[in-house]
Every structure is written in C-alpha cells, then in structure tokens.
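Participant: Single-letter residue listing:
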Amino acid sequence: MNLIRLLSILTVSLAMTPTALCQQQLAGSVDVAWNRFYDYPEVLAISRSLANSYPNLLTLEEIGTSSLGRPLIVLTLNSPKTGPASSKPAMWIDGNIHGNEIQATETVLYSMDYLCRAYGKVPALTQLIDQSVFYFMPSVNPDGRANWFNSQNNSHSSRTGMQPTDDDRDGTADEDGPDDLDGDGSTGQMWRKDPLGTHRRNVRDPRIFDRISQDPRPDGTIEHGDWSHAGSEGIDNDGDGRINEDGPGGYDMNRNWPGDWQPEHVQGGAGVVPLCFPETKAIASWILKHPNIAAAQSYHNAGGMILRGPGAKERESEYSGSDRETYDSIANAGAEMLPFYRSMVIYKDLYTVHGGFVNWVAESLGVISFTNELWSDKRILQSGNDPSSEEMVRWRDRLLFGQTTTDWKEIQHPEYGTVLVGGTNKWSSRIPPPFMLEEECHRNFAFTAFHAGQMPLVRFDSVKVQPLGGDVWIVTVDISNDHRIPTRTDRASTKRIGFPDRLSLRGSGIKVISGGPMPQRLGTTFEPVRFDPNSLQVEKGIPGLSTRAFRFVVQALPGASGTVQFGGEKFKSIEQSITIPAKQ
Amino acid sequence: MMLTILAIVTALSVATSGDQPTESSITPKEAMIRAHALAASDSGRVAIVTIGKSWSGHLIEAIVLSDKVSDAANHPAFLLVSGLDGMRPSSVSIAVNAAKRLLDTPEILKDNTFYVIPCANPDVYFAPRSKSSASGNRNHRPFDEDRDGRVDEDPPVDLDGDGVITQMRRINPPANDPPTHLPDPTDVRLMRTADATKNQRPTHTIYTEGIDADSDGFVAEDDIGGVDIDRNFPHRWPEFDPSAGSYQLSEPESQAISTFVLEHPRIVASLVIGRWDNLVKTPDSQAKDVTGRTPLALDSGDLAIWSEMGRKWRDLSGGARAVDVDPSGSLALWLYAHRGIPTFATQSWGRPDASPAPPLAEPVAPVTADATTPVSPVAQPAEKLEDEEATGWLAWSDRDQAGKGFIEWKSFKHPTLGDVEIGGFRPGFRSDPPLAEVAKLDDAVAGFISELARRQPRVVLRNVTSRESAPGIYEIEAEIVNTGWFPTATAMGKINQQSDPVVVRLSLPKDRIQSGQRVTIVDGLAGAGGQKSFRWLVQASPSESIVLETTWKPMGTIRASITGDRVSEAKVVNP
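Chains A and B supply the protein sequences, listed in that same order. Here this note's numbering is used: the first sequence runs in plain steps of one and ends on residue 589. Here this note's numbering is used: the second sequence runs in plain steps of one and ends on residue 616.
So here's chain A without its partners, still in its complex pose (with noise of 0.2 Å):
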C-alpha cells in the first residue's frame, strides 16, 4: 500500500467515522475519573451532570426517597431518533444494593459515561443505543453506601440499608455497633495475650498472626500460641456481654425481593414482608411498569463471578433447558471478557439465596438476568491463583504502600484489658485498588453491552403472497430473531408472563380467513386458531437465532393492500406492508 493510499483512507475514515481514534479515550462532556470512588453526593452530581450534559440521550428521574430520605435515582438512555423508551427492549442496570460494594457504582456510572461519549462515534455502540433502551440505577442502596463512605467499617460491613432493627431482641435497635478504638475510621480486628492462644505473631513479620496447629504433638500434648483472636474492633455499648452485635441497620435488601422470598427463619436479612424497604418497593414498582425490560445486570462484589439464577436448590426445575442455553451463551462470552470471572448458578456455585433481585427479575419476570461479583483477588498475581497471605502482605506493601492497613496498637479496652488493635481497613479488600479501577469498570460494561446486544431483534426475513385461486390468497410469513434471547423466554411462555407477542394482518378490502403458525418453517401446513384469525397469539415467541413461519388464508381483490404487523413486550415491534398482486 502506498502512502498515498494509506493517507486517503485514514482521511475518509477520519471524516465518515472517528473510529481511527480508538486507541485514545473518546472525547466527553463531562470528565470523570475512573480511578477513584465516589460517595453518593458525588454519584447524584455526576449524574446530574451527564444527564444535563447529554440531553437527548439520558433523562433521569426520582423514583422514591431511601430509608434516611436521600433520592433514588433511575436514568433512561434512548435515542429518541429510533423511538421513545417504551418501544424498545430494555436492559436494567442497577449497583450497589449492598451498601459497601461500592465499586458497582463507579461500574454502573462508567456504563452510562462511556455509552453517551461512544453514540454517533462508535458505530457498534451507536447501533446498539439506536436498537435498545438502557435504564441505570447507580445505588439500590444510597444509606449504605453513605454509611461505609462516612462511618467506621471494614470491607464487609454497611451491606444493610439504614432502617434501625433490633439485632439481638432486646427491645432497643442498633445500640451495640462497632467502635472505633484506633480512630483509624475502619473497623479493624483486635487481639489479645493469651498463654493458651491459637495464634502466635509471624517471626519474619509480626503484623502476620499464624495460627497454630491444633494437631497433637508427637508427645500427644496440644501446642498453644500466645494471642488469640478477640473479635472486631468495638466494645460491649449496651452491657449484655456481647460486642458489636447489635450495629446499624441490621438486614439485607437482596433477600427482600418477592417471588422466592422467604421469611427471616428461612433465608437471614429478608425482611418482615417481601418489598418492606422503601428503596425494594421503588424499584419493584417502577420495574413493574417497565415491562419493554429484557435483560438485568445487578452488580455486587466481590469474588469474579457470572452469577445467575437459581438462588435455591428447589427452584432448579424452573429454568428449561433452552432458558439455560441462553443464559449459558451469554455467560461464557463474560467468562472470556472479564479474566479470572467465572460463570456460576447462585445455589450451586456460591449459596442459598431466597428474595434475590435477580431471581425475581428472571423468575418472576422471565427476564435473562445476572449478577456480576466485581473485583478477584486473583487479578493481584494475575496468574489465576488467589495470593497467600505473605503476598497479601507483600501486595499491600509494595503496589498499595501500606495505605490499606493500620500497625497493630495496643489499647486498654474495658471488657478484655490490653488488646492490639489494627490490621487492614475498609478499603484493603473486596474492592480494586484505585489504579486498576477503571479496567474493571469497562470490562464489566463490556459485558453488559454484549448482554444488552443479545435482547431480541426481530426482522421479517420474508412475507410472500401466493394465488391460491380465485380471491384467495395465502400470506406466508417468516420471521426472524437475530438476537441470542428469545421475545418470549421459556420461563416467561410457560408461567404465562406477561402478554404473548402477536402477529397481525389487516387491510381494507382484506378478509383474513384463517391464520396460525407454520409447525415447520419449510413444510406445506399450517395449524388454523379457531378465533381471531387476523391476530395471532405467539405464547412462546422467536426464539434467539431463530426463524419461525405463520400463514394466513386471506381472501382480497387484486391490489388489495394490507400491513403485517408483529409486535411484544420485549423488542421495538416490526410491520411490513402487502400487496394483493393485480390478476396476471
């Protein structure tokens, strides 16, 4: 190739599609960091500010008010060019309804971010915006993540909303929380002396307790170290001999969804009824109403996993085979995107959830659903193996430069005398650090766009008019799914979810006789509905990858016109208008 050729092309290219700049960041109207991790002031202000910054793509809107009165935000991306919101499949996007996973913020700020920067420049996100409608909740859980931002905690805890509850029955709620006794503002771990202890101090490094083995001797006496492990950092607040057992809030808005829900004997952090919260009823109400939504993603962290449905054993039955080769197709291309993730089933893989978001989404509302668990700790190595504790050390020590510890310090604590106190902050797991933020964000909005693109497309692949003698005719039509998700999911057919898809054929001077599918898309017959002929119920819908036939039996004059019609909940509905040819 010469330069001159090769210069010609690049100019074009440059000038049709701006895709030549793919190895710089795509320009923006709002800059954000995606190195750092925003508390939820800054996540409403960024918000805000893409949905001023691209009007004509994201509108956002309050959908309710949390436990502690801070606004519940949704934001709609579509392209009104292509059709307003509601004629277009849907994905839902939410984070965070665990309030200390807070990278699924960032995650799903990143998605909207990189999608509005991306329409009219990157030809592959351009048509996927144009094709489909995106609805963004950046956090279920606004209270908690507050709290983990602004309240001592370690990287488990503020997973609940804010609602006081009682933990432990005594009649008053959250009065035993932890305490910050090192003022390091997390909640660290505590130790103590012990000449029976079951730990002893690294010799190499003494930040490092080890435990000791409980194997006997070959004396048959039982070794000792001399610490032992003295729970998490706080003292007893409310005198019942007990620490920490009574923190705030005290639940879990992931097991507070209907469908499976089951009360708090059987599944912990449920909640008094199914939807009690007032962030769970919100959503619920405002996804109800949404019914073009047909695909979710609800990120949590932590651990590398593709997660799916069912959350419980009893339930494995309700997802068909065919539900599964979606699910399936679309988590082994995650499991490729996203390194060191894997492709898991809830109960299975990890363990027993009842009242799980995605469950509803996809059991209830038969909708292809998943669950991401951001960050591995086997991306520190990057050698898909989890670190030992001496390269935790050595990763804290050398990339993080020990900002995600604090030493061990001795205090005098009222209920146990000396006790160090210390050991790694909230920051130190379950979370990326911040430099290896943002490719965490994009390959995970990677993965939902691939998600997103799989939402049924429909097309007719052809509508053929054929003579059957006299004025009748027979309207053969073919239509495809060019997408991996079926208009009708098998769990949705089956438990009769929502409306079936229906196919039309009405024109003035047309008499639809008779109508219904084709049981094999090149045979010769049909199966005639006995009702309603000109409007077919599809119960079971396109499949994904898949053509399926219908015929009708019209009787028309020649020139006679009349439109095809076939539409659904869940993909921007197709019509294609018939002529009655003039007699030869």
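In short, the hints are calculated from the structure, not lab data. C-beta: ideal position from N, C-alpha, C; glycine also. There may be inaccurate statements among the hints.
Under the rule of at most 25 Å between Cα atoms (straight-line distance), these lysine to any residue pairs were calculated in the SDA-like manner [as the list claims (entries may be wrong)]:
no.: 1; chain 1: B; residue 1: LYS551; chain 2: A; residue 2: GLU415
no.: 2; chain 1: A; residue 1: LYS545; chain 2: B; residue 2: LYS329
no.: 3; chain 1: B; residue 1: LYS329; chain 2: A; residue 2: GLU415
The following residues of chain A were derived to be distant from chain B, with all beta-carbon distances above 12 Å [to be verified]:
no.: 4; residue: THR64
no.: 5; residue: THR87
no.: 6; residue: SER92
no.: 7; residue: CYS281
no.: 8; residue: LEU355
no.: 9; residue: HIS359
no.: 10; residue: ASP537
no.: 11; residue: LEU562
On the provided structure of chain A, position chain B as indicated by the hints.
Facilitator: Frame of chain A, contents of chain B only:
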C-alpha cells in the same frame, strides 16, 4: 374421585355478589353502620379507625375495643378479621355482633384490647359489579384473565334472569369442545368427571353462566377483577395463580391488614373468619413447605394448642364439619407461620345434617289411598356416595330448605353454544349461614375470642430475693413464670423468632455482676406454669437501689427494686 366432584362443586359455588346468597339478616353495609353506631354510643370503650382502602376506594376499618379505648395501645391485644370472602357476607355482621357482645362483658375488656376488622375485603360486598359478577374473593383491580389486551370484558352474565350466576351444562358438545363431565349416578342433578375405570363416559361440558362477549371461543373467562386478597399473603403465596396478585402483598387490602398487624406488636392471638378452617379439622402438623423449614400450616410443637382450641370452638359453635380448602397465601397462614401469632381460622359454619330421608314405599298395602311416599332423589343410592359434601348439601336443601339451595337445571337457548341447561347450587348456599344460625355464631365468635383473652400468657416476676453473702456482695434470685394458658411464644414463633422474647435486665453496670447476665433474652415461656429461674452474684452497697426488670412486649414491663436485702413488690409499668 371425590376431589373431582368437589372441584365442580367449588366452581359452582363461586358466584354472584356477596349480598345475595341467603335471606340472611344484616348486609355487610348494615353491619358496618351498626359498628359506627356502637362507637358513637360508647366512645369511651369503642373507636373505629381506618386502616386502609380497598382497590376501588372503600374504607377498611377496625373496631378498637377496650375498657378505656384511649389506652388500647397499652394492653395485650386480640385480633378478629372477617369479611374476607364474598361467599360469606354474614361474616361481617358476625364480627360486628361479636364486638357488641364483648362490650356486654366488661370484665373481658379490662386490661385487654380487641381489634375487630369486620370487612377486610370490601370490594366483594360493596362495589357495584356488573349485574351479577362472580368473583368470590377478588378485589376490583382490573385484570386481564385471558391476556388478550382487553380487561374484564367477558364477565359472567345472568342469562336466565334468576338473579344469580350458576352454571351451564351442554350435552353432547361438538368435537372442538370435548365433554368432561357426566351426571352423577347418585343424583343426576350433580355433575362429576368421568371415571374411566368404571367405564363411565363423559357426556357434558360445564361452563360458568355467561356468553362469549369477546368472541374468542371462551365463555365468561374474563370476569371483573382482580386479586383474591386471601391468596396474596406471603406464606406459600401461590405465584402465577391468576388470582394471587403480581407479588406478595401487592394489594391495598393485604397491605393495609399486614401493616396494621406489624404496627400493633401487642397482638397475641387472632381469629380469622374466611374460607379456611383450622379449628374443626386440626391441620397436619408434620408437613413442611418447599423449603423444608416452615410448616405447611401447623408446627408439631403447637399441636396441643390447636387440639384444645379446636375442641373449644366445636363446643361453642356446634360446628362439626368444614370444607377442605387450600389455604396458600391466606392471611391466617401468614399470621401464624411468619408472625408466630396463634391464629385460628374458621369458616364459621359447616354443612348441617339433613333430616333423614323419608322411607321408601314399603311393599305393603298403603294405609290410605293417597299416602304414597315420594321417592327421594338420594334415597338408596345405586353405589357408594362419592361426594358426601355435595350430596349432603343437596339433601339438606331438598329436605330442610324447601329446595332453595339448588336451582334446578332448565333448558336455555344459548347464543353461541346452542341448547344448554342452566342450574346448580345457589351461590353462597353452602358457605353463608342461614339467619337462624347467625345469632349462635355471633355468640360462638365472641365466646372464642374471649377465651383467647382469658387464656392469654401472663408473665409474672416472683420469688425475688436478695441476700448479702459477704460484705458488699449480694446474691439475688428471681423467677419468671407464665401463669396463663398460652405460651408466650408459639413453637412457630420461636422458630421464626417473631414472638416477643421475655427480656430480663438488672440495672447494675456489667463490671459489678460477678455471675449471671445483665440482660437475658428468654425465647419463650411455656403455657400453664412455664418458668425460668435466675441467680446473680453482684457487688452493691447496702443502700443502693438495684432495679430488676422483666419485659414481655405485649404485656409491658414488671419492675422490682432491690436495696440491700430488701425487695419491693413487683409492679407492672407500662410505657
């Protein structure tokens, strides 16, 4: 086979608006007017509070009764819920009358509160339906049963103009509508499914009385409404059942009732009058739900309570029969299985015994010329009765109710089906008690909830002692006892941790308690004398006042003061 007949019978029973079934007495509307009159005439002891609205905007009200109603929130409370079932309109007046009877027994109102929700499901009684809609328990939320995009467009219609919706049967239907039933050999008025093992051949198709208003080939398949609120509660919620709602507690009625219960934590027992019974027939106490961790209806640990209270109800009501009904998603199941509240359920009334069949004509010469005895339709059945309930009701209707319970099949020319017959049991005949029975049921219900109050758990703090065992060291002992009949927590309430524990506290700081806990949570005390003893060794000065408190939320807090070795009398203090 009994089940199959039962299914038809049940289908037949689902019909018409609630006010119609019997000549009974007081309509739900009149009953609620009476409730307001009670409150107006005795405002010191009765109040009416609005707890919510039905789908179509009717108020859902609770009658609050206590000897000083302004203080009602401070007493153990008993809940009566009624008016759930459109086929039992008299249950509204029964609840209101039971409330009135409670007012006549002042001693039962002392230190107790009763919440009576007489009409939990007003849509089924009050809202104007299409002339004769058939939704037994369903509120008026528009619902597209046949999923054709049109809502409530093909309801049942009273084609024969007799004022009620019954059934249609068509003999020898065409091939596209194959027959499913045949007349029961024991009485050809009853329809049953065919038993192939007996070489029976179906001859009829059965429909709800109506037309195919939307021309889709189905008759009366998209009725007005809605969600059956007594299938919308969380325990064993029958998801995807067309009348169960889109999620648990999706309906304003079930929301209102569940919120009321959650906001009144002093409710210690309840009675629900509706479609389900757990008093005449004690439920299976072994079977568990799909999780294996919640009983279907009753935990074995609570069986003794049900056996005794069932006996009590049968004594009070005289009821000996109840119809088997699937209680999935019912209010009563939720109250018990998820809230731990001992909750009794009654259909209020069951099938009475029919008078004996008149004897067949003896093969002897008649005494007089005109004394021939008519042959009863059910006398001398050709085979064993398959469905005792249906034939029993028919016999009672024929012999004791002048036949008014069953509308005889009559020919009718149907616009699309052609020749059919319309007839069947009169809606409500087999569920709503006749006038003569209602007064007895008013007494039975009042008696039963009074009995709940009499048998309530009563936590007592007793035998509090303090002894100086060394200078500045005191040994304090005490015991808590439940002197009531009910346990403070049902077995179910212990499993689900929703029954309030008994909390015992000593006011001393923890570092001065050498043995024993400063705060002890007792899951529950058994009924009739269940007790727990406590012993503390504490450091205190002889003049220091130590407070020992026992709290059981429905009852309040009992407090005793200890100074040195002196102990004050334990007293109940309410918040």
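Participant: Against the structure shown, which of the earlier numbered hints fail to hold, in ascending order?
Facilitator: Violated hints (numbers, rising): 2, 3, 7, 9, 10; every other hint is consistent with the structure.
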